[in-house]
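Colleague: Using the hints, position chain B against chain A.
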Amino acid sequence: MRWLRFSMLILFISVVQASTAMNIAAITDLHIKPDILLIFLVYFAIKCETYDAVIVSFSLGFAADIISPTLGPYFLSFGIVGSALAHVRRVILLKTTRQQSVTIIAVGIVTGLLVKILSGFKGPTAMINSVFTISAVAVYSAIVYFLIRLFVEASAKWLGVGLHRFGNKGSSSK
Amino acid sequence: MAQKKIKPSKITVFISLSLIGIILMLIPTSYTSKVNFTFIDLFDFFLNIGSSAVRYPQADSNSPYYVSRGEYNKLWVAYSNLQAELFEERKKIVKLQRIRLSEPSPNTSLILAEVLSRRNGNLVINRGSEYGIRPGQYVLGDNAVIGVIGDVSPTVSSVEVITSGSCKIHIKICDTESDVYYNGTIEGNGAGGGRILNVSKKYKIKVGFNVYAAKKAGLLEFPRIIGRVSKCAIDENNPVVWDITVAPAYDIKTISDVAVVAINTL
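These protein sequence lines map, in sequence, to chains A and B. When we follow the numbering used here, the leftmost residue of the first sequence carries the number 4, and every step to the right adds one. When we follow the numbering used here, the leftmost residue of the second sequence carries the number 658, and every step to the right adds one.
Only chain A is shown next, with the shape it has when bound in the complex:
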């Protein structure tokens, strides 16, 4: 993993995710938008080494926290769920795009619910999404993943992620 490049990418994704330009992709009166950070979380958790996946998950969580009203809920939920997914991947490969998009839905719902619970501890000022919104965002992100898969893969390649994961050579993190 090239961490400097990863920092730049994560910053770029955060800005894009928080920008008003993302309203173009918003659907329904609830303004449901795809969660690009969630897509990258799942992709990196699947493709990275477990050690890197833990750091990447928490980093993406921190980025999600920065563009949300409070710090903490996303950091913990993305970190825990991403790390868990990195371990699950050792048993279930999740190689196809369809499997990955289903994983995005599952991870989106779980992280969303965790954020909802953790945000409750931060007080009433924290913005808490409904279960329907959480599910809708997860499904929408999974659909969008099909469209931006090439961009996600190219980004991962640029970062040096997953190049030897399923190959014969050893991992770069070893």
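Take these hints with a grain of salt, some might be off.
[To be verified] Estimated spans, in silico, between C-beta atoms of each pair:
hint, chain 1, residue 1, chain 2, residue 2, range
1, A, Leu-150, B, Ala-735, 54 to 64 angstroms
2, A, Thr-53, B, Ser-725, 50 to 60 angstroms
3, B, Ser-673, A, Thr-99, 29 to 39 angstroms
4, A, Gln-102, B, Phe-703, 46 to 56 angstroms
5, A, Arg-152, B, Ile-668, 23 to 33 angstroms
6, B, Ile-668, A, Thr-99, 25 to 35 angstroms
7, B, Leu-676, A, Ile-151, 31 to 41 angstroms
8, B, Ile-706, A, Arg-152, 20 to 30 angstroms
9, B, Phe-744, A, Ile-146, 32 to 42 angstroms
10, B, Trp-733, A, Leu-150, 51 to 61 angstroms
Rather than coming from a laboratory, the hints here were simulated on the basis of the structure. Note that the structure is predicted; figures quoted are calculated from it, not measured. Ideal placement from N, C-alpha and C gives every residue a C-beta, glycine not left out.
Modeller: Same frame as chain A, but now just chain B:
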């Protein structure tokens, strides 16, 4: 001796990061929100791409057009007060224009005044000799004569209204059918109306006849309406004259603004 690179285990990293997360959760939002706002400030331009919201540029403190918030507030208060004054002046202009329509003589000035208080059935207005008000001048309330100026000080004056006993005005009763005028004097009856005494019974006065303030040299150039005859009966004390009651054209109880008729003698 080769330096050994220390790399913490996965579980150590996970627990450390989780602890950081818990600490972040424990920090009050008022502190952590600064991070969020810093991010917004740093990437403000990119975050607002595609937004229709307009961000006005911050004024440069060295600019000649720059004013501090305190100065702005002071100016704003002064501006608001001026606006209120302008509004009042406009109202006065509208009133004057309305009166001027029925007072076309260029020799006649109208001095607008507000009623300050009521005393013994008379009015006290906020204009005095400084504005050219003199005793005996006629006072209009929406084009109808309501009384005359009594006492005058430099800043305030009293108005003896036609319904009070202290007011006496020369009048003309107009027979609208035959265009005949009967002269007389009105004085207040102290019960919200005026009385006209000593009008000979030989004149055929009827209820509904108009009562005008008679023109008076230096004070009133044209007759002005006062009211209407509301009752016409034989005087109990003197059966050869009428006891006429006049209902004022203007409700004096609710009046708040008046216009004093001032004839320019120069």
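Colleague: Run through the hints listed earlier and report the numbers of any the structure violates, in increasing order.
Modeller: Numbers 4, 9, in rising order.
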